[in-house]
Amino acid sequence: MMLDLFDFYDKMERNNILLSFKGDITSDLLTSILQIMESKMDNFQEEPKTKKKVYNVLVECLQNLYHHMDEAPVDSGEYGRSAIFMIGKLDGAYNVITGNYILNENVSGLKSRLDEVNSLSKDELKEYYKQILNNGEMSLKGGGGLGMVDIARKTGQKLHYTFQPIDEKVSFFSLNIKVTLNQ
Amino acid sequence: MEKFTLDGTPKTPTINFDLGSGVLEIKGRSIPENSIEFYKPLVDNLEKYGLSPKPATTVNVQLEYFNTSSSKCILDVFKKLEAIHKGGSSVTINWHYEEDDEDMLEAGEDYQAIISVPFKMVQVAE
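Line by line, the protein sequences give chains A and B. Be aware that the first sequence starts at 72, since it is given in the working numbering, and climbs by one per residue. Be aware that the second sequence starts at 91, since it is given in the working numbering, and climbs by one per residue.
Incorrect hints may appear among the rest.
Stated by the list, open to error - Derived pair list, reagent style BS3-like, types lysine-lysine, alpha-carbon separation capped at 30 Å:
| id | chain 1 | residue 1 | chain 2 | residue 2 |
| --- | --- | --- | --- | --- |
| 1 | A | Lys82 | A | Lys160 |
| 2 | B | Lys169 | B | Lys93 |
| 3 | A | Lys229 | A | Lys93 |
| 4 | B | Lys117 | B | Lys144 |
| 5 | A | Lys249 | A | Lys193 |
| 6 | A | Lys160 | A | Lys111 |
| 7 | A | Lys122 | A | Lys240 |
| 8 | A | Lys201 | B | Lys176 |
| 9 | A | Lys193 | A | Lys182 |
| 10 | A | Lys122 | B | Lys117 |
| 11 | A | Lys193 | A | Lys229 |
| 12 | B | Lys144 | A | Lys120 |
| 13 | B | Lys93 | A | Lys197 |
| 14 | B | Lys130 | A | Lys201 |
| 15 | B | Lys170 | A | Lys201 |
| 16 | A | Lys240 | A | Lys225 |
| 17 | A | Lys122 | B | Lys138 |
| 18 | A | Lys111 | B | Lys210 |
| 19 | A | Lys160 | A | Lys197 |
| 20 | A | Lys111 | B | Lys170 |
| 21 | A | Lys93 | A | Lys122 |
| 22 | B | Lys144 | A | Lys197 |
| 23 | B | Lys210 | A | Lys225 |
| 24 | A | Lys225 | B | Lys176 |
| 25 | A | Lys201 | A | Lys240 |
| 26 | B | Lys170 | A | Lys197 |
| 27 | A | Lys197 | A | Lys120 |
| 28 | A | Lys193 | B | Lys117 |
| 29 | A | Lys240 | B | Lys144 |
| 30 | B | Lys117 | A | Lys225 |
| 31 | A | Lys229 | A | Lys160 |
| 32 | B | Lys144 | A | Lys225 |
| 33 | A | Lys240 | A | Lys229 |
| 34 | A | Lys201 | B | Lys117 |
Keep in mind that the hints were calculated from the coordinates and are not lab data.
Same shape as in the complex, but just chain B:
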């Protein structure tokens, strides 16, 4: 089964995208200076996956920090998922935030307001 993976660094998140099972995981920190360059391979893979997506796609986002440069790229990722969802395959985005992190919860709610995909806000312990 085809997979797209990137190991995390102090400035970029770990990405695990299992195109065979339709599970995408983004975890860690996303604070690169050049976010477009970093997210391009993921966006390209999502585009490819969108041509024949699984009946259900699950996306787990668990970010500790992300910068505003990443916020646009994350929206681009979500827009690709929205297109898949609108195409008839179900997509769920699980947005994780640490229990004291109101800013991260609010950031998830901002995306939820923009993107027409079911969001689940998942609180995790610190």
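Chain A with its partners taken away, still in its complex shape:
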């Protein structure tokens, strides 16, 4: 198959993608990506407030991918340990877009958690966050569901997501987080 590289380039250019990656998400990779994004934001002379907000959301989104790499059905060899993310800046907002495989059996659980977060107001999110923080089970992998609540709180935006059915085993989960500047 011949890849149309210009088509990739053109789409990334039009969406003003600053950085993109597809592959295994490792701890070292995240360290590098976060450093690159920090220096990019320094170059753009973003306000400290904007930088902090984008950085925080980036950490949560990318670590979410990292923690869920294990859930891809590696044994099949078909999907492998692979995910994708893109970071763009368009129309005065930073966009963090992530995509990863998810087992079909886990789709409805994740969907209802995302819908619950999206149904809550700012004050309700604050209460929900404290409730999970204080009572929720801490998993070895992460904050036990705190990540999405934190992203929703910090961005003040709904979580935009899609699940694309791939086959009888897996779906592809895409999450699009927008961080509006100067809010």
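Could you slot chain B onto chain A? The hints should help.
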């Protein structure tokens, strides 16, 4: 005097815990992928310290960033301090935040609402 110290890294904070004077300092970034592993030695040291704490314990938290994985571990640290406070030795937590960082101030207030230890919100210049 016994001390527990950890040097900061791009993903983990500097920790200075002087068990002899009862001063604990956590400073920098706390965004490790595995927070439980990182915070375990501090939690263990606090547990040991709690057996015979100083009459007054001062805790200075000055974080630039922390992830949600760390937020649970920080709560565990504060719960150890709460137990010391309830045991009759005074504990004060000074929560530092940069003046434009409303999210960090709010995070401190979240902990303040959960933990029964006197909190002081300390604004610092950028």
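Going down the list of hints, with the structure as the test:
no., hint, in the structure
1, Lys82(A) - Lys160(A), "holds (13 Å)"
2, Lys169(B) - Lys93(B), "holds (21 Å)"
3, Lys229(A) - Lys93(A), "holds (25 Å)"
4, Lys117(B) - Lys144(B), "holds (22 Å)"
5, Lys249(A) - Lys193(A), "holds (16 Å)"
6, Lys160(A) - Lys111(A), "holds (11 Å)"
7, Lys122(A) - Lys240(A), "violated (39 Å)"
8, Lys201(A) - Lys176(B), "holds (22 Å)"
9, Lys193(A) - Lys182(A), "holds (20 Å)"
10, Lys122(A) - Lys117(B), "holds (19 Å)"
11, Lys193(A) - Lys229(A), "holds (11 Å)"
12, Lys144(B) - Lys120(A), "violated (38 Å)"
13, Lys93(B) - Lys197(A), "violated (36 Å)"
14, Lys130(B) - Lys201(A), "holds (22 Å)"
15, Lys170(B) - Lys201(A), "holds (18 Å)"
16, Lys240(A) - Lys225(A), "violated (34 Å)"
17, Lys122(A) - Lys138(B), "violated (39 Å)"
18, Lys111(A) - Lys210(B), "violated (35 Å)"
19, Lys160(A) - Lys197(A), "holds (27 Å)"
20, Lys111(A) - Lys170(B), "violated (40 Å)"
21, Lys93(A) - Lys122(A), "holds (24 Å)"
22, Lys144(B) - Lys197(A), "violated (35 Å)"
23, Lys210(B) - Lys225(A), "holds (23 Å)"
24, Lys225(A) - Lys176(B), "violated (33 Å)"
25, Lys201(A) - Lys240(A), "violated (35 Å)"
26, Lys170(B) - Lys197(A), "holds (24 Å)"
27, Lys197(A) - Lys120(A), "holds (20 Å)"
28, Lys193(A) - Lys117(B), "holds (29 Å)"
29, Lys240(A) - Lys144(B), "violated (58 Å)"
30, Lys117(B) - Lys225(A), "holds (22 Å)"
31, Lys229(A) - Lys160(A), "holds (18 Å)"
32, Lys144(B) - Lys225(A), "violated (38 Å)"
33, Lys240(A) - Lys229(A), "holds (28 Å)"
34, Lys201(A) - Lys117(B), "holds (23 Å)"
Hints 7, 12, 13, 16, 17, 18, 20, 22, 24, 25, 29, 32 from the earlier list are contradicted by this structure; the remaining hints agree with it.
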